[in-house]
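Student: Here are the chains, one letter per residue:
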Amino acid sequence: MDATAFPYGLRVLVVDDDPTWLKILEKMLRKCSYEVTTCGLARVALDILRERKNKFDIVISDVNMPDMDGFKLLEHIGLEMDLPVIMMSIDGETSRVMKGVQHGACDYLLKPVRMKELRNIWQHVYRKKMHEVKEIEGNDSCDDLQILRNSFEGLDEKSLFMRSDSDTMRKRKDVDKDHADQESSDGNTVKKARVVWSVDLHQKFVNAVNQIGFDKVGPKKILDLMNVPGLTRENVASHLQKYRLYLSRLQKQNEERILGAARQDFSHKGTSENLNLRSSFQEQPSNIANGYPHASQNIQTQANMLDSQLEDTKSTVPLPVPDKKRTLASDAADSQNVTSASSLGGVLSFKSMPVNQDRKPSETMILECQAWTGGIPSKQFMQYPKHNHERCDLLGDYSCLPKPDLEHPVGPSNLYAPPPLISMSCGMEGDARDFSDVKPAIMDCIKSLSPALTCTVDSVSVQLSDSVVTSIDGDLKSSGVDGLPSIKDCCLDQTNSQGSLRPSQEPSIIGSTELASLPEDLPSYPLHGVSLENIGLSSIDLLNYSDAMILSGLQSNWYDDLEFSSEMMDYPSIDECLFASS
Amino acid sequence: MAAAALRDQLTALLSSMFSQGLVDEQFQQLQMLQDEGGTPGFVSEVVTLFCDDADRIINEIATLLEQPVVNFDKVDAYVHQLKGSSASVGAQKVKFTCMQFRQFCQDKSRDGCLMALAVVRNDFYDLRNKFQTMLQLEQQIQAYDPKQQ
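Residue numbers (UniProt numbering), protein chains in the order written: chain R, 1 to 582; chain W, 1 to 149.
Hints are computed from structural coordinates only; laboratory data are not their basis.
Incorrect hints may have been included.
As the list claims (entries may be wrong) - Cut-off 27 Å, straight-line C-alpha distance, at most; resulting in silico cross-link-like pairs (DSSO-like, lysine-lysine): (1) R/K99 / R/K252; (2) W/K130 / R/K27; (3) R/K99 / R/K221; (4) W/K108 / W/K74; (5) W/K74 / R/K99; (6) R/K128 / R/K31; (7) W/K130 / R/K252; (8) R/K128 / R/K55; (9) R/K116 / R/K27; (10) R/K116 / R/K220; (11) R/K72 / W/K130; (12) R/K252 / R/K128.
Can you build the whole structure from these sequences, using the hints too?
Tutor: See the structure below:
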């Protein structure tokens, strides 16, 4: 009835292929008054966890199992459910234990496990919650998180907390209610306890990782760079861990996934699903899978597919402004998946999606501006919200633009670049003058491009002119000469993606020194990388979106590049992938 | 009277199993779990599970070792499994034999493995007999005095 009541009824899932041990463990755990579910196969365990979301507090898993390595299971659980996992094995080899810890095990028990060890496993659940409470409590000053946090209260927990421990949170809250005098405040915070890695927060994280370099990266450094008040080192550390895991896994699977994507008709679900139906962490893998078909479908199917694609783009337009922002964000998450960035970020960001009703557009935008570092002209973003209506209109207008191009396809693949890019141009305050200003310069560089590409270039140029860098035109021109600046890569790659693929050329373009030097350039040349990456959410997202489209439009030669970009573990982010491919 | 005699017999059997190193303190733990938890059939359940599983594993290993080309990794995995099972019930001797067995697997020595298999089998059968005797004694004791357990 007091705090000691907490561990009772702790819901434990035990996974072990050894029936004897399963029986014994079950018995021991029951003796600790835990609720025990046993399972002899790792895959079945994953299914159980996916099916019965929020029904477990902790998982105890054997290391050696025939159907799936315990470490693999651990990784899945860590990424999908974020549950504490205890590994157990007969081997106490340091390397094995270390491997377990590296994969995110909260403990590593040696068989035969004793009662006294099991009696204490609740501490891992409790510790996790405590950290979460601390994270949130420390974040009171952070408006961004505060907003998210406030909005949690009125929302269906399922859509927000795809957490197995949310039930326990409730339990805890009930317990706390019984002792309202002592613990009610604690109970409230327990309920809200979680940092939500929204799209922008994750973007900041990724930017910080890039700036530091993946080899040298550390939670403290990232934290300093991110400069988000209230965010703790632990938040960053755990996020980084997941990000790393994800990247390493993705690196292995990148190619096969793109090539072997199961084709589901994702486009029908399209935008609406992206908006916020994707509420659960657990659905994420299938969404990843969907992301590729979505893209690869586009490669193969022709104009009719395109129309639905276009519809997707257009359907984002009429949404109310705050929602629109989120819509775009969800697109970004899509492309993040495709472009080997952390899907985790995408997923986590969805958690905050239903929240957007509560967020005032201006607030969010300003928050973003404040957080972007590296000399990005914040003035522009400050104005951003005011232009929302204009943006919508523009978006509406421009999203029609690709149509003429689409009717004259150069190749099936080129068609996808225009819509997103055009949207991008609109995302940037859409200053029409800039079109005319910069277009000629770019047109000099790329004379022999198809109408579709011209269109693309237009939008790029708008973007540039908006980023308040005075020497854009010069850069652009020189880019035509040197082939260095990223803009040119962008254009060139687009050309290549137009179906006239010259395999030998592409890697060299992508592998240009530009990419390697990107992070160093970030602070000083916003135009180069940061401006393209960081300009507001909508533009990032659209960029990414277009990136995904471009990627999907490429033929298999391109996948080498993809691999290349993910091999460059120094800069394994959305943005780099974007750059590598855009 | 007869129940007391049977209980003495059981105690003697268990202590001989301990003294011979057939079982270790983990087995004691299981008994304690049973006694404290007030769940009479627990040890018998676990022991039965172990015997079935170990028997299955030993047969798997035997089949693998009969193959013209022995997959030692697979054998090793099974031996590891057996080691885990025996550790969980506290079948110390079988566990130790498994550890030696694994060395032969790593050396990829077919003869060594066959020899180790014979030893493991022997140890296991020996233990299983004792377990079975133990379970029978327990059943008889219970038949005399159901409230006892």
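Student: Run every hint past the structure and note whether it holds.
Tutor: Taking the hints in turn, this is what the structure says about them:
1. R/K99 / R/K252: holds (18 Å)
2. W/K130 / R/K27: holds (23 Å)
3. R/K99 / R/K221: holds (25 Å)
4. W/K108 / W/K74: With a Cα-Cα distance of about 11 Å, the restraint between W/K108 and W/K74 holds, given a limit of 27 Å.
5. W/K74 / R/K99: Since the Cα atoms of W/K74 and R/K99 sit roughly 22 Å apart, the hinted pair holds (cutoff 27 Å).
6. R/K128 / R/K31: Roughly 23 Å separates the two Cα atoms, so the pair holds.
7. W/K130 / R/K252: violated (51 Å)
8. R/K128 / R/K55: holds (16 Å)
9. R/K116 / R/K27: Holds. R/K116 to R/K27 sits at ~13 Å (cutoff 27 Å).
10. R/K116 / R/K220: Answer violated: R/K116 to R/K220 is near 36 Å, above 27 Å.
11. R/K72 / W/K130: violated (39 Å)
12. R/K252 / R/K128: Distance of about 30 Å is beyond 27 Å: violated.
This entry does not satisfy hints 7, 10, 11, 12, going by the numbered hints stated previously.
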